[in-house]
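Asker: Start from the sequences, fold in the hints, and give me the full structure.
2 protein chains.
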Amino acid sequence: MVTVVKISGNVIDNPVFLQAFLRDFALLPGPKVLVHGGGKLATQLAERLDVPQTMVEGRRITDAETLKIAVMSYAGWINKNVVAGLQAQGCNAMGFCGADGNMLRAVKRPVASIDYGWVGDIVPENVHIQLISQLFELGITPVFSAITHDGAGQLLNTNADTIAAVTAIAISRVRPCRLLLCFEKKGVLRDVENPESLISVIRSEEWAALKASGVVHSGMLPKLDNAFAAIVQGVQSVSIMHAADLVAVANGGNAGTILMA
Amino acid sequence: MVTVVKISGNVIDNPVFLQAFLRDFALLPGPKVLVHGGGKLATQLAERLDVPQTMVEGRRITDAETLKIAVMSYAGWINKNVVAGLQAQGCNAMGFCGADGNMLRAVKRPVASIDYGWVGDIVPENVHIQLISQLFELGITPVFSAITHDGAGQLLNTNADTIAAVTAIAISRVRPCRLLLCFEKKGVLRDVENPESLISVIRSEEWAALKASGVVHSGMLPKLDNAFAAIVQGVQSVSIMHAADLVAVANGGNAGTILMA
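These protein sequence lines map, in sequence, to chains X and P.
Under numbering that gives the first Met the number 0, think of the first position of the first sequence as 0, with each following residue one higher.
Under numbering that gives the first Met the number 0, think of the first position of the second sequence as 0, with each following residue one higher.
Keep in mind the hints are simulated off the structure, nothing from the lab.
There may be inaccurate statements among the hints.
Identical copies carry no separate label here, and so any pair may be met within one copy or between two of them.
Computed cross-link-like contacts, SDA-like style, restricted to lysine to any residue with a CA-CA straight-line distance of at most 20 Å [as the list claims (entries may be wrong)]:
# : residue 1 : residue 2
1 : Lys107    : Ala87
2 : Lys39     : Leu66
3 : Lys107    : Gln88
4 : Lys39     : Ala63
5 : Lys39     : Glu64
Answerer: So this is what it looks like as structure tokens:
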């Protein structure tokens, strides 16, 4: 079983949480992939460099200067520190953006009503699964930052959740694969005010009813829709969990909310 | 024959030169490694971020903020753009710092009369030659930025010429290897004012006499001393050449000044 783990930005922002997370991640058995988001570094850097950030409908527009900041932050400082931290834990990590080995080839998002700038969209067919498998055979743990390329020399900013999902889908075509989405919440709660109300398992046939019942918090809806879409495309299970609970998975158990077919 | 190419910062700073260089590099036959310097990006970024740069005896001190800038610039923006550019030329490049796959493990420079800060020194024994060979077997061209790690989670700023030399020495222990040092001059000149006075070959037994004669320009001395040191340690030849002349080597010829045993 291959494990693809997505770690969100707010875990990366806290050095103590990050170290603990990397220690737990290093303990996960079997081949694994880490995909990391950006955290606050890019935003802080943009402020210090006086590069105005344009948001349209809640999404950041990636102009040329913003792309540079994203590449420096995600593929540079964060990626290399995560790799160095994993190496210190005995995990033979290698840090990548999608241009490396042409592993994540994307398409610049077409300009429709909104021009998102240097943003790339990626499908599972453009994940270089053969090379990722060869790296697994060498005992390498790939660590992907949320930067892809178009194959013609252009780097592109790409959503880290999407990279994690398409990578897991692509891997699941050759080997069983699970996806763990780690963030700062326990999982899917029946009552968002009560952390004890965790739903531990949601099967795909239950999802429509649960969604219709209004029990699932609106912010969680797209996450779960995407998770079930990944399951339909072959991913064995998707867990939505607190980063601090990864240790339970490393010890062979489950944590958070596990979604499955 | 494996070719290790070092490209200096002032070639990287010019996008037109860089594109031409990457096109020529992609044409080089056989397994190859690219090591790149930093260029002006880190200096410009330090200025824009108001991070003062301290020079002692002509060498930059790497404090924590300067390390961050170096990692973002070298291992981030430059490395990933070089890789994306090589991919566009059909060269299956992967960009690394030394933490990736533990390929370049360094030791923080001990504090003597000068504290250089987060600077690492590396020896050929700490180049992970087995993994580099395995990447060659996968058809991968490693592209190294001048950042290493200490194996305990700390990234370190490291001289790109040194990385190129120790990597070539390490490779030469398992396969024949040559080193090409590409910069903005034709090679070693008998008369620094006359570009036609290029010395095309220097054999190691000629080097002491040539050095004593005062013919070789002082700025070139450490470069040549280091080159002959690499040759003593097994590197087949070291060429000192203009980046624009790489195409001659790609076509099976020689360029610049070639140093050999």
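Asker: Indicate, hint by hint, whether the structure satisfies it.
Answerer: Structure-based check of each hint:
1. Within a single copy, Lys107 and Ala87 get their C-alpha atoms only as close as 36 Å, which misses the 20 Å cut-off; across copies the closest is 15 Å, which meets it.
2. Both within a single protomer and between protomers do Lys39 and Leu66 lie at most 20 Å apart by alpha-carbon distance, with minima of 15 Å and 18 Å respectively.
3. For the homomeric pair Lys107 and Gln88, the shortest alpha-carbon distance between copies (19 Å) is at most 20 Å, but the shortest distance inside one copy (36 Å) is not.
4. In the homo-oligomer, the alpha carbons of Lys39 and Ala63 lie at most 20 Å apart both inside one protomer (19 Å) and across protomers (18 Å), since each shortest distance falls under that limit.
5. For the homomeric pair Lys39 and Glu64, the shortest alpha-carbon distances inside one copy (16 Å) and between copies (16 Å) are both at most 20 Å.
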